[in-house]
Every structure is written in structure tokens, then in C-alpha cells.
Amino acid sequence: GAGVSQSPSNKVTEKGKDVELRCDPISGHTALYWYRQRLGQGLEFLIYFQGNSAPDKSGLPSDRFSAERTGESVSTLTIQRTQQEDSAVYLCASSLASSGGAVTDTQYFGPGTRLTVL
Amino acid sequence: AQSVTQPDIHITVSEGASLELRCNYSYGATPYLFWYVQSPGQGLQLLLKYFSGDTLVQGIKGFEAEFKRSQSSFNLRKPSVHWSDAAEYFCAVGAYKGGGNKLTFGTGTQLKVEL
Numbered sequence: 001g002a003g004v005s006q007s008p009s010n011k012v013t014e015k016g017k018d019v020e021l022r023c024d025p026i027s028g029h030t031a032l033y034w035y036r037q038r039l040g041q042g043l044e045f046l047i048y049f050q051g052n053s054a055p056d057k058s059g060l061p062s063d064r065f066s067a068e069r070t071g072e073s074v075s076t077l078t079i080q081r082t083q084q085e086d087s088a089v090y091l092c093a094s095s096l097a098s099s100g101g102a103v104t105d106t107q108y109f110g111p112g113t114r115l116t117v118l
Numbered sequence: 119a120q121s122v123t124q125p126d127i128h129i130t131v132s133e134g135a136s137l138e139l140r141c142n143y144s145y146g147a148t149p150y151l152f153w154y155v156q157s158p159g160q161g162l163q164l165l166l167k168y169f170s171g172d173t174l175v176q177g178i179k180g181f182e183a184e185f186k187r188s189q190s191s192f193n194l195r196k197p198s199v200h201w202s203d204a205a206e207y208f209c210a211v212g213a214y215k216g217g218g219n220k221l222t223f224g225t226g227t228q229l230k231v232e233l
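Listed in order, the protein sequences are those of chains A and B.
Residue numbers for the first sequence follow my numbering, beginning at 1 and rising by one.
Residue numbers for the second sequence follow my numbering, beginning at 119 and rising by one.
Read the hints as simulated data drawn from the structure, not as lab findings.
Heads up, the beta-carbon is just placed ideally off N, CA and C, and yes, glycines get one too.
Keep in mind that the hints are not guaranteed to be accurate.
[Said to hold, decoys possible] If we take Cβ atoms under 8 angstroms as the criterion, some of the chain A residues that face chain B in the derived model are: (1) Val4; (2) Leu60; (3) Phe65; (4) Gln107.
[Stated by the list, open to error] Derived list of chain A stretches under chain B, where covered just means 3 residues or more per stretch with a C-beta under 8 angstroms from a C-beta of chain B: (5) 27-41; (6) 109-118.
[Unchecked claim] Cβ pair distances, simulated, as ranges: (7) B:Ser202 - A:Arg114: 22 to 30 angstroms; (8) A:Asn10 - B:Thr148: 18 to 26 angstroms; (9) A:Thr78 - B:Glu206: 39 to 47 angstroms.
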């Protein structure tokens with residue numbers, strides 16, 4: 001079946017503009033994660049959705065970042081008033097979470113959205 | 119808080135040679151450990167994972183990793199590297215909390231394979 005998809009693949013924006021990044025998880029996957037990968041750094045956890053539970057937003061770096069998820073499908077990550085330090089690859093992952101989010105769930109990653117803030 | 123260190127930023131090996139990528143972790147409880155590979159333009163792909171049991175874990179593409187609690191390490195190995203293995207490799211530790219498995223990644227090791 002289809003994997004995790006993300007759009008756009010590349011986004012160039014001007015400082016101060018808002019951007020929306022989209023993630024389509026694998027069908028049937030109840031858990032969805034957003035990560036950020038800055039140049040030369042590892043991935044940083046941003047936010048986690050599990051079914052209808054309240055999302056875990058503990059990784060969001062500032063209140064300019066927000067994310068939504070409609071049920072167990074598409075998610076959007078919004079960055080308001082973008083700054084140059086927001087430039088990064090934003091990765092989405094989904095997992096089956098068959099045991100309510102058990103640690104054994106494998107996360108499947110999308111190809112990412114490369115965001116460049118000028 | 120958990121952390122992962124991958125001390126080698128770049129590694130170059132000849133095709134057919136053996137490979138070992140180092141990973142050290144810091145975590146207060148039983149670690150759940152992963153290795154992912156990222157090829158150019160591709161998403162991360164899981165190579166293998168360790169949760170419990172046998173400390174030598176077999177993965178896809180001929181990779182294996184050994185969990186050593188005493189050394190807080192989870193090094194990735196392959197006996198004979200192929201040119202197609204050139205990619206970036208990430209080690210990660212998972213923290214299961216509140217229903218979520220938040221992965222903490224290392225900074226990655228870029229593998230170059232010389233023909």
C-alpha cells in the first residue's frame with residue numbers, strides 16, 4: 001500500500017509569512033508524529049497525535065508552531081510568522097499503534113518537506 | 119531525558135569491506151533502540167530495532183546491531199558493504215510515555231562507499 005506522503009516537497013517562503021505543511025499517514029495508522037531535521041542535526045520531536053486523545057505538544061519550539069489532525073487521517077503543521085531558524089526538513093511519521101501506542105510500534109516516515117525561510 | 123550520540127559524522131569504506139557505525143545512548147530505563155537509514159530524497163527507513171531479549175538484532179539489507187548495556191551502546195554492523203548502502207544512518211532511542219513513542223535521534227553518520 002501507499003506510504004506516508006507529505007506536501008509540498010519543497011517550500012520557500014519569506015520571513016514573517018505563515019506556512020502550512022501537510023501529512024497523509026498510512027491508512028489505518030492511528031498514531032502520527034511530526035519531527036524537524038535541521039541541517040547537520042538529528043531529528044527533533046515536535047508533536048504526536050494518537051487517535052482522539054489530546055496531542056502531545058511537548059516538542060513544539062514556540063507558540064508559532066501548531067498542528068492539527070482530522071480524526072485518524074491528514075495532519076497539517078502550521079508555522080506562523082516564519083523565522084530563518086525555522087528552515088529545516090519537516091518529517092511526518094505514522095504508526096499502527098496497535099497496542100495503544102506501544103513502544104514496539106514501528107514509525108514509518110514520509111519523504112519530508114524542505115522549508116527554506118529567506 | 120534521553121540522548122543519543124553518534125560520534126562519527128562521516129565514514130568512508132570500500133565496497134566489500136566490513137562496516138561498524140557507533141551509537142551510544144543515555145536513558146534512565148530500559149532503552150528501546152532503533153537504526154534508520156535515509157537515502158537522498160527518501161524518507162527514513164527502519165533497519166532494525168531492539169526492545170528486549172537477544173542482544174544481537176538482525177535487520178534488513180544484511181545489517182545487524184548489538185545492544186551492550188554495560189557500554190550503553192547499540193552499534194550497527196554489516197560484514198560486507200555494497201555501493202547501494204551509501205546513505206545517512208540514524209540511531210534513535212524511544213521513550214514510551216503516555217501512549218506515545220517519541221524517538222530521540224542522533225545527529226547521523228554519513229556513509230560513503232568507494233568502489
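Against the structure, the hints come out as follows:
Checking Val4 (chain A) against chain B by beta carbon gives a least distance of about 7 angstroms; that is within 8 angstroms, so the hint holds. With a least beta-carbon distance of about 12 angstroms to chain B, the hint placing Leu60 (chain A) at the interface is violated under the 8 angstroms criterion. The criterion of a C-beta within 8 angstroms of any C-beta in chain B is not met by Phe65 (chain A), whose closest approach is roughly 16 angstroms, and the hint is violated. Against a cut-off of 8 angstroms between C-beta atoms, the interface hint on Gln107 (chain A) holds, since the closest Cβ of chain B lies about 7 angstroms away.
Proximity of the segment 27-41 of chain A to chain B, defined as three or more residues with a beta carbon under 8 angstroms from a beta carbon of that chain, is established by the 5 residues found. A count of 4 residues in the segment 109-118 of chain A with a Cβ less than 8 angstroms from any Cβ of chain B is obtained; the coverage claim is therefore met, three being the minimum. Between Ser202 (chain B) and Arg114 (chain A) the Cβ separation comes to about 24 angstroms, which falls inside the hinted range of 22 to 30 angstroms. Judged by the Cβ atoms, the range 18 to 26 angstroms given for Asn10 (chain A) and Thr148 (chain B) is violated: they are separated by roughly 40 angstroms.
Distance hint for Thr78 (chain A) and Glu206 (chain B): a CB-CB separation of about 28 angstroms, inconsistent with the stated range 39 to 47 angstroms.
Hints 2, 3, 8, 9, counting from the list given before, are not met by this structure.
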